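Peer 1: Given chain A, work out where chain B should sit, using these hints.
Chains as they are written, first to last, in our numbering: chain A, 1 to 221; chain B, 222 to 298.
Don't read these hints as lab results, they were simulated from the structure.
Bear in mind that the values here come from a model prediction, so they are computed numbers and not experimental data.
Accuracy of the hints is not assured; some may be wrong.
Claimed, not checked - Derived DEER-like restraints, expressed as beta-carbon distance ranges:
id, chain 1, residue 1, chain 2, residue 2, range
1, A, Pro186, B, Tyr268, 48 to 54 angstroms
2, B, Gly256, A, His140, 33 to 39 angstroms
3, A, Lys143, B, Ser272, 31 to 37 angstroms
4, A, Thr83, B, Arg264, 48 to 54 angstroms
5, B, Asn236, A, Arg42, 29 to 35 angstroms
What the hints assert, rightly or not - List of simulated lysine-lysine pairs, DSS-like, C-alpha gap at most 27 angstroms:
id, chain 1, residue 1, chain 2, residue 2
6, A, Lys132, A, Lys73
7, A, Lys130, A, Lys217
8, A, Lys217, B, Lys293
9, A, Lys143, B, Lys293
10, A, Lys130, B, Lys293
11, A, Lys73, B, Lys293
12, A, Lys130, A, Lys73
13, A, Lys132, A, Lys143
14, A, Lys143, A, Lys217
15, A, Lys143, A, Lys73
16, A, Lys143, A, Lys130
17, A, Lys132, B, Lys293
18, A, Lys73, A, Lys217
19, A, Lys132, A, Lys217
Glycine included, each C-beta is placed from N, C-alpha and C at the ideal position.
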Amino acid sequence: MHLHTGTHVVTELFGMQVNLDTIFTTWLAAIIVILVTLAATRGRAMVPSGVQNAVEMLVEALCNQFQDNIGHKYRQVATWLLTLFLFIFTSNQIGLLPTNHLTASPTNDVNTTLGLAIASSLAIHFYFIKNKGVGHWLGHFFKPFSVFVIMNLVEEVARPITLAMRLFGNILAGEILLEVLYALAPWLVPMIWIGFSLFVGAVQAYIFTTLVSIYLKESVE
Amino acid sequence: MEKPRHTRDKQSDFNPLRSAAVASGAGLTMLTCIGLCVYAGLRCDEYFGTSPWGLVGFSILGAVSGIWSVIKQMLRK
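Chain B extracted, bound-state conformation:
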């Protein structure tokens, strides 16, 4: 029996390689955001002598930015 048109279109639109690219992009971007912000926090503490608050603040910023980035990438069609 032939599948309904809308089901067939959705299946033919699915591209596993593209999905893998997007998923790997999302995961790595999150990791990079956290890494960048941790580095910035450490440098901030070293420069201004604010240890550990620079690291704490920037780590939170990195985590939030990473999650925001993943949400944006997942929302892109």
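The shape of chain A in the complex, shown without the other chains:
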């Protein structure tokens, strides 16, 4: 049995290999997020309904979570975290679309997840320097004692890799299993798994965003 999940349409650009399907689905996810937020914010009503209602509920629930994790200054990073959640959530669901063409989730490509994780890691350092200055930023690597600097640096390198691998592994495994189940039992079983994958995609987006918000606490508080 030949699995299609995890294989990509590759082209070469400026001497680098580029996964075309990932590029297309990343743009698709971004466009969907932009359209949904535009639909939710155009013609806002005091008593929300439809898309506005759904998006407001989601944003409110997430902002409460961010406030619990970060503290009262969570608004400084709320836009970054909400964008992350919406993008990852949409990306995770794209791979479940019932077509054979170019619909692998962008998050089943490690380049996307590592990009998101490295950007998040850089944001954590950016907000730390912005709020506390370079001196404090350098100093926090030497806490609680100077000898801990090596362990703190190993952790700083491990953190984005962990974030990226968790998301990538979960989404790739889900899509591989979906393909295998479809080959074994084309009717009922894949549908149940698609339902479960919808849930897994939401949970993974939530876990990624929650962990970034927990890491951001030290930078923002």
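Peer 2: Showing chain B alone in chain A's frame:
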């Protein structure tokens, strides 16, 4: 009978999804720290010809860093 206020607050603060996120983060970070350091140890041995001491030293560093990382994550409120 109504529960005491402090018990009620602690229960309402508990978020199973957040706890799952933190726990999975801690476990995976430990694994990644060890993996990174083992890789660094192997490369170190290959480059400097110090086998097996690079691997031994970096493995210990990875394990200690992993445990330190888990302790830090568990101490975060």
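Peer 1: Could you tell me which of the hints above the structure violates, numbers in ascending order?
Peer 2: 2 and 4
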